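For the record, the sequence lines run as chains A and B. Here my numbering is used: the first residue of the first sequence is -4, the next is one more, and so on. Here my numbering is used: the first residue of the second sequence is -4, the next is one more, and so on.
By construction, these hints were calculated from the structure, which means they are not laboratory data. The structure presented is a predicted model; accordingly, all values stated were derived computationally and were not measured. One or more hints might be untrue.
If chains are identical, the list can't say which one is meant, so a pair holds when it fits in one copy or spans any two.
List of simulated lysine-lysine pairs, DSS-like, C-alpha gap at most 25 Å [as the list claims (entries may be wrong)]:
hint, residue 1, residue 2
1, K372, K61
2, K198, K160
3, K321, K295
4, K196, K164
5, K61, K290
6, K372, K19
7, K290, K47
8, K61, K48
9, K19, K382
10, K93, K2
11, K19, K61
12, K93, K19
13, K158, K198
14, K372, K331
15, K164, K2
16, K48, K290
17, K85, K227
18, K331, K196
19, K61, K303
20, K372, K345
21, K47, K61
22, K295, K85
There are 2 protein chains.
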Amino acid sequence: MISNKMKEQVQSSSIIRAMFEEGKRLAEIHGAENVFDFSLGNPSVEPPEDVKKAILEILNTESTTKIHGYMNNSGYEDVRATIADSINDKFGTAFGQKNILMTVGAAGGINVILKTLLNPGDEVITFAPFFGEYRNYVNNFEGQLFVVSPNTLDFQPNLEEFKQKITPKTKVIIINSPNNPTGVVYSEETILNMADILREKQKEFGTDIYLFSDEPYRELAYDHVKVPYVTKYYENTIIGYSFSKSLSLPGERIGYLVIPDQAADFENILIAANIANRTLGYVNAPSLFQRVVAKCLNAKVDVETYNKNRELFYNGLLSYGYQCIKPEGAFYLFIKTPLDNDVEFCNLAKQKNILIVPGTAFGCPGYARIAYCVAYKTIENALPGFKALIEDLR
Amino acid sequence: MISNKMKEQVQSSSIIRAMFEEGKRLAEIHGAENVFDFSLGNPSVEPPEDVKKAILEILNTESTTKIHGYMNNSGYEDVRATIADSINDKFGTAFGQKNILMTVGAAGGINVILKTLLNPGDEVITFAPFFGEYRNYVNNFEGQLFVVSPNTLDFQPNLEEFKQKITPKTKVIIINSPNNPTGVVYSEETILNMADILREKQKEFGTDIYLFSDEPYRELAYDHVKVPYVTKYYENTIIGYSFSKSLSLPGERIGYLVIPDQAADFENILIAANIANRTLGYVNAPSLFQRVVAKCLNAKVDVETYNKNRELFYNGLLSYGYQCIKPEGAFYLFIKTPLDNDVEFCNLAKQKNILIVPGTAFGCPGYARIAYCVAYKTIENALPGFKALIEDLR
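Just chain A, with the same shape it has in the complex (with noise of 0.2 Å):
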């Protein structure tokens, strides 16, 4: 009785889910510890102190039916103006209260612009290796994705070939950086060639081209590597933004967007963003932790905690012979896998206990993803295994 959408997504839903399944099974026979588990990425590092601060004080000072009712449903003016000014401050930027709408996480607002934007059929391109939920988030719009293959020298966009993917139907460029899943920061140069390419296109075809910059990963960032602000850099940029990850929030689903006044049809965007937020029934974003995150705008996990377990996993990795781009944002290494079969590659590390997400999953065959957002503890212990898997290969 399913919808046929539904029967598809299950399907390709299936492969992550029977890993899940797996690992359960595995922690039930072998005991959870001994069951490497880097498939997920959930923040390990605890939320900075700030937060459980912001919300006492917010439960103290404000008055209930403010802290959990309904406001506009792009978020309280008062918290958005705060977000503009703290953005403001970093980038140097010069957004307002309006050019902030307040989303359920980065995932709703993603699908707050595609609704914005797509007519049935409308293009839409991404860059493997990717995050393979946009796939169905472009599908929820009828919208079509092309991906640009991956550029595996260092994992920075193939742009020749995205020149040639655009199209007169191409509305939506997606891109995030830091990365999901290789860990890459697209650097100054590429966002510079890419917004060339861009303004050309929109020259040639008459069109109005948004690059949508999907930013979950931003403040994960290591090495003193800039991450570009992206909206400096092309007029019809538009940034989905992500608490998940900075503040270790991912399951209070609190994020943002950033809609600048100079995108094309900027007032019209604004206020179709705010009802696709309504009528795809997020309504609003949950109003706590709106309030919550206000205060916290300077607050930050601890991203050494991260940065050791990358210097750590990559090391010894690259000392057992794997090959690896050593990552400079996120909380994932992308590894050539020693076979070239991804998933059977990753079916061999489940016999040691290890999970690990085949390339495959992100249109990028011959790689797996390693989400080290774990105990330091349990790369120490699973490195072995890892050894162990590409000796037994050789």
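Take the given structure of chain A and dock chain B to it, following the hints.
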């Protein structure tokens, strides 16, 4: 540049948005205290003390990565089990945790179910007057909404017309009791007869027809009226619940679906609804408030406050000559407008600084909705305006 669907939604939202703007404009001219806004269903009664207690207890006793982290997309297992037990205690049902799916409010729940069930062109039936958002929700999944015309005698559903509207393409029926906008509770007789009709039609067409019962107002019932628990009357029932009104938490977006074992294709619906919750971009219901509501299942806002508003407003309006069914639930009065043209009447009301919503917005012209979830004093101060309004029209 916005999508055609959103152009339509912007258009159809403009009446209510215009009212909102008008309210702000009037408040600036006359002062907020002299504008009587009965247009919004935003709870005025404080959440029960248990809510704050629960938040503090959770913050002080549970791990922060658990409180704010990802869980199964359907929600925390312990929360779902607690909710199932509570429903079983209250209604003599036999649900387990697997039957409960935590959602981003009732709006999130209904969207999850419609995505799970509807193929493009599938038919959905609801009963006027009805919550206008149903139209947008059904439209999200390319369903077709058919509306049974209102029975203005007592606002119980018109079951004769309902029977005629069911076709082999009918997939979902949406009911809402206590009802927005009438405040009417659908009687046990109504539910029994509706169930008989549905079983008969299922047999005739060899189809499964799901009855979706949207129940955000379940706990707001007066005069000891019984609100039937619909799963007990019809196998293919799915319940959508929200804590928005029962605990005055509308901004927090927390509710759940009940999907009984008896529903046709139960197992697939469970799997698909879990995935739909994720792919629609909700991902999961907000985590802290999942844990909060599980501790507040026996708490309830002070319904007596709404009841006093109801009595004052209803008796006042009747004494001036207005016609209105006495509502048994929710926090709305649905008056027959003294002018046949309800939109015109609401415009006249605005001239007296009174904001109410035309019945046309609920598929029921000739009526108007008055939300009495406001301060008692606001009603007292507004009553002379209502009196003058009907006298002007004589």
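Hints and how they fare:
1. K372 with K61: Between. Shortest inter-copy distance 19 Å satisfies the 25 Å Cα cut-off; intra-copy 43 Å does not.
2. K198 with K160: Close inside one copy (16 Å), not across copies (51 Å); limit 25 Å.
3. K321 with K295: This pair counts as within: shortest intra-copy Cα distance 23 Å, inter-copy 53 Å.
4. K196 with K164: Classified as within; 11 Å inside a copy, 44 Å across copies.
5. K61 with K290: Both: 16 Å inside a copy, 21 Å across copies.
6. K372 with K19: Within one copy, since 20 Å is at most 25 Å while 57 Å is not.
7. K290 with K47: both (11 Å within a copy, 19 Å between copies)
8. K61 with K48: both (18 Å within a copy, 17 Å between copies)
9. K19 with K382: within (24 Å within a copy, 67 Å between copies)
10. K93 with K2: between (39 Å within a copy, 20 Å between copies)
11. K19 with K61: Cα proximity of K19 and K61: across copies only (18 Å, versus 41 Å in one copy).
12. K93 with K19: For K93 and K19, the Cα distance is within 25 Å only across copies (17 Å; inside one copy 46 Å).
13. K158 with K198: Classified as within: same-chain Cα gap 13 Å, cross-chain 56 Å, threshold 25 Å.
14. K372 with K331: within (24 Å within a copy, 69 Å between copies)
15. K164 with K2: between (28 Å within a copy, 19 Å between copies)
16. K48 with K290: both (9 Å within a copy, 22 Å between copies)
17. K85 with K227: For K85 and K227, the Cα distance is within 25 Å only inside one copy (12 Å; across copies 57 Å).
18. K331 with K196: neither (34 Å within a copy, 57 Å between copies)
19. K61 with K303: between (41 Å within a copy, 22 Å between copies)
20. K372 with K345: Classified as within; 19 Å inside a copy, 66 Å across copies.
21. K47 with K61: Result: close both inside a copy and across copies, 19 Å intra and 14 Å inter.
22. K295 with K85: within (14 Å within a copy, 44 Å between copies)
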